[in-house]
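J.: So the protein lines, in turn, are chains A and B. Under the working numbering, think of the first position of the first sequence as 1, with each following residue one higher. Under the working numbering, think of the first position of the second sequence as 1, with each following residue one higher.
Keep in mind that the hints were calculated from the coordinates and are not lab data. Among the hints, a few may not be true.
Pair ranges (Cβ atoms, derived) [to be verified]:
| no. | chain 1 | residue 1 | chain 2 | residue 2 | range |
| --- | --- | --- | --- | --- | --- |
| 1 | B | L335 | A | I62 | 54 to 62 Å |
| 2 | B | E188 | A | A245 | 43 to 51 Å |
| 3 | B | R70 | A | R173 | 27 to 35 Å |
| 4 | A | R70 | B | Q176 | 17 to 25 Å |
| 5 | A | A245 | B | R70 | 22 to 30 Å |
| 6 | B | L386 | A | D83 | 49 to 57 Å |
For the chain A half of the interface with chain B, some residues (derived, Cβ under 8 Å), not all of them [stated by the list, open to error]:
| no. | residue |
| --- | --- |
| 7 | G10 |
| 8 | E80 |
| 9 | W81 |
| 10 | L84 |
| 11 | P85 |
| 12 | A86 |
| 13 | G91 |
| 14 | L101 |
| 15 | A103 |
| 16 | S105 |
To be clear about the criterion: a stretch of chain B counts as covered by chain A if any three or more of its residues have a C-beta under 8 Å from a C-beta of chain A, and this derived list gives those stretches [unchecked claim]:
| no. | segment |
| --- | --- |
| 17 | 75-86 |
| 18 | 91-105 |
By construction, the Cβ of each residue, glycine as well, lies at the ideal position given by its N, Cα and C atoms.
2 protein chains.
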Amino acid sequence: MADPVSALAGSAVGVVGGGQLAMLLAAAARRLEVPLHIQTPSAQDPAAALATSVVLANLDDISATRELARRSGAITFENEWLDLPALAPLGFEGVVFLPSLEALSPLVCKRRQRQLLQGLGLPTPRWCELPTDGVLPADFAYPLMAKLASGGYDGKGTVVLGGPGELASLQARVPQGDWILEEMVPFELELSQLACRDRDGNLQCYPLVETHQHQQVCDWVLAPAHVPQAVQAYARNIAASLITAINYVGVLTIEFFYGPGGLQVNEIAPRTHNSGHLTIEASHTSQFEQQVRIVSGLPMGSVALRVPGALMVNLLGFESSANDYPSQREALAALPDASVHWYGKQGSNAGRKLGHITLLLSGASPQERALEAEQLLARVRSIWPLPGA
Amino acid sequence: MADPVSALAGSAVGVVGGGQLAMLLAAAARRLEVPLHIQTPSAQDPAAALATSVVLANLDDISATRELARRSGAITFENEWLDLPALAPLGFEGVVFLPSLEALSPLVCKRRQRQLLQGLGLPTPRWCELPTDGVLPADFAYPLMAKLASGGYDGKGTVVLGGPGELASLQARVPQGDWILEEMVPFELELSQLACRDRDGNLQCYPLVETHQHQQVCDWVLAPAHVPQAVQAYARNIAASLITAINYVGVLTIEFFYGPGGLQVNEIAPRTHNSGHLTIEASHTSQFEQQVRIVSGLPMGSVALRVPGALMVNLLGFESSANDYPSQREALAALPDASVHWYGKQGSNAGRKLGHITLLLSGASPQERALEAEQLLARVRSIWPLPGA
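Can you build the whole structure from these sequences, using the hints too?
T.: This is how it looks when you write it as structure tokens:
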């Protein structure tokens, strides 16, 4: 067997997953002329048409992942809902995972994320186990956030508990659920830091961005974040410490609460992320191109913005429908410096991420860009309503 | 789940294996008052009586290893014939292996050992794949050593090939065997370097020893080796480079050829080793105590010799017999500064390692100790014959 690392340079990428993140990875791979193969259950999934080839199988089908590996130099994942024990034998059969299963191991579970952050002395909300007897530890008080340790996303798997009655009700409803409890962190703003590290240990951090949620789903993102330089430096340092400590290779995202308590890590996503979609148009190297470059063994590109700023707005489903909204997409694309990405999902329902639009900002100051973004967001809203609005 | 490393300190050790190495580990653990549990198929195996508890199962029974892990803070292995893909899921279930499966991965196969050594620029005999068409690569010539990539030991799984006829005959005899071919390295002496590294990365190297074989099985060992200081330093540097590069935790042994071409790595054993048995009496900390200390999270002890030198002679079976040789063992134990270790195996046959004897040497110079060793070896031989002699 050849040395698994040096054999990778420029080689094909395998992606377990076929959703919009895989689709945007596949688009980046096409531009780089890097073959990219996916494993996904349906040929109608967003990434299928753009991938070089598709292994049609459920995401947890290990023999399909073995076949994906046969076609690829290294394998990466679209999401972190992974059965690492089931994948582990492939690692010893010579399959290269980037990031490695060892690096993913502390990130695929919210409890282990908290333990990792605590172990590294990085700022993280206080947490405890869900008490089986209903009695909170002495230094915890309601309200608390209950989080499913594995498998939650976009607000799914998180429940605010106002008091012991709601705790009892949660336990009655999901007696087998593996939950942790976190203190509610007061914050003014949510921030997101994208970082990337290649197989030689080189590390880069994208500019920090603001993320704005609607009903616990990412609604819009503004780059760069309008926060003091020291906060930006702190976010970069947290990302650099974490990604290096676990020897992570690839793109990784850290979501922060920012408020009176300073920065606190909310969640870590071991992958490209919705908050980085605007890098496609706004950065010299998009998060997707960067991930493909790293996994296929090409040198990383620059993560600097090539414009003063950018606004990304998610196109969230606002109704149950089979409509694919051609006229709205046309109108959105006609906005100034706008790029519409449509994921081609089969059907819409409220809150589903159907696509996104990125709008470049030209204002020289944060204040000018904030105003620009506000006006552009209003124009997007006039074409594409918020769900439930 | 608690941090797997800090939770280990002083904790119970699990050993997959029940032979003499496991027995000597169990004896060391008793002296340290560290619980040590083993997995072995028979309650009559050498280590069973000394272990704190025994999981009676074949060594490749993964659910038995899971049970062993339940009783132990960390698991170590008596030998390197491991099915790493089968063990890998346990790693992601939270089982701690020391050394890790990742560190073992390049060592459990002779081909990967050669690739690892080449990749690190360490001296290793030239090798090639067994040619399927019978035609050697241009720069290889007979005689060559054929080695089974996995599972060989004590000369089993190695065949000297004098010419193409013997290659054809090997291929006809074991058509499915996974063999590599190595050039024959001319040497004057075989040397062995024991090294150990703890979970914090601290590294120590035992004094280099000479190993002398009889019919490809270790016959006797002399410590320290009588070779120039520069050779001792080179052997230590090779061990330090290798053990650090693969982030190996535990005791590891490197066997060398030493001759006109300088040092060449013959084999790497990821474990305690026959060439280190004399450390029980001759060193401040034996290889077995050191391994137990590392795996149970205790600080390592000194690897220095506490006497000028030592001779270890294997008590190899010289006949097929159910005799356990009480009078010979009595006579051996009566030799000056002698310690006899008897493994209590069920029955003897020619070449089987039934026990060993260590004799301390007091000579101040290498020449004096060589003479002492020669005389003591003759006295051992007068009591315990060589097989086939």
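J.: If a hint holds in the structure, say so; if it does not, say that too.
T.: Consistency of the hints with the structure:
1. For the pair L335 of chain B and I62 of chain A, the beta carbons lie near 58 Å from each other, so the given range of 54 to 62 Å is met.
2. Our hint of 43 to 51 Å for E188 of chain B and A245 of chain A holds, since their Cβ atoms are close to 47 Å apart.
3. Range check, R70 of chain B to R173 of chain A: Cβ separation about 31 Å, and the 27 to 35 Å hint holds.
4. A beta carbon spacing of about 22 Å between R70 of chain A and Q176 of chain B agrees with the range 17 to 25 Å that was offered as a hint.
5. The hinted range of 22 to 30 Å is satisfied by A245 of chain A and R70 of chain B, whose Cβ atoms lie roughly 29 Å apart.
6. In this structure the hint that L386 of chain B and D83 of chain A lie 49 to 57 Å apart at CB holds, the actual value being about 55 Å.
7. At its closest, the beta carbon of G10 of chain A sits 20 Å from a beta carbon of chain B; the interface hint therefore is violated under the 8 Å criterion.
8. For E80 of chain A, the interface hint is violated, since its Cβ never comes within 8 Å of a Cβ in chain B; the closest pair sits about 14 Å apart.
9. The beta carbon of W81 of chain A comes no nearer than 14 Å to any beta carbon in chain B, farther than 8 Å, and the hint placing it at the interface is violated.
10. Given the 8 Å rule on beta carbons, the hint for L84 of chain A holds: about 4 Å separates it from the nearest Cβ of chain B.
11. The beta carbon of P85 of chain A comes within 4 Å of a beta carbon in chain B, closer than 8 Å, and the hint placing it at the interface holds.
12. A hinted interface residue such as A86 of chain A counts as satisfied when its beta carbon comes closer than 8 Å to some beta carbon of chain B; here the least separation is about 7 Å, so the hint holds.
13. With a cut of 8 Å, the hint placing G91 of chain A at the interface with chain B holds, because the nearest CB-to-CB distance is about 6 Å.
14. For L101 of chain A, the suggested interface contact is upheld, since its CB lies about 7 Å from the closest CB of chain B, less than 8 Å.
15. Annotation: interface hint on A103 of chain A violated; nearest CB of chain B at approximately 12 Å, more than 8 Å.
16. Nearest Cβ of chain B to the Cβ of S105 of chain A: about 6 Å, under the 8 Å cut. The hint holds.
17. Counting residues of the segment 75-86 of chain B whose C-beta lies closer than 8 Å to any C-beta of chain A gives 3; at least three are required, and the coverage claim holds.
18. Restraint check on the segment 91-105 of chain B versus chain A: 6 residues with Cβ-Cβ distances below 8 Å, three needed, restraint holds.
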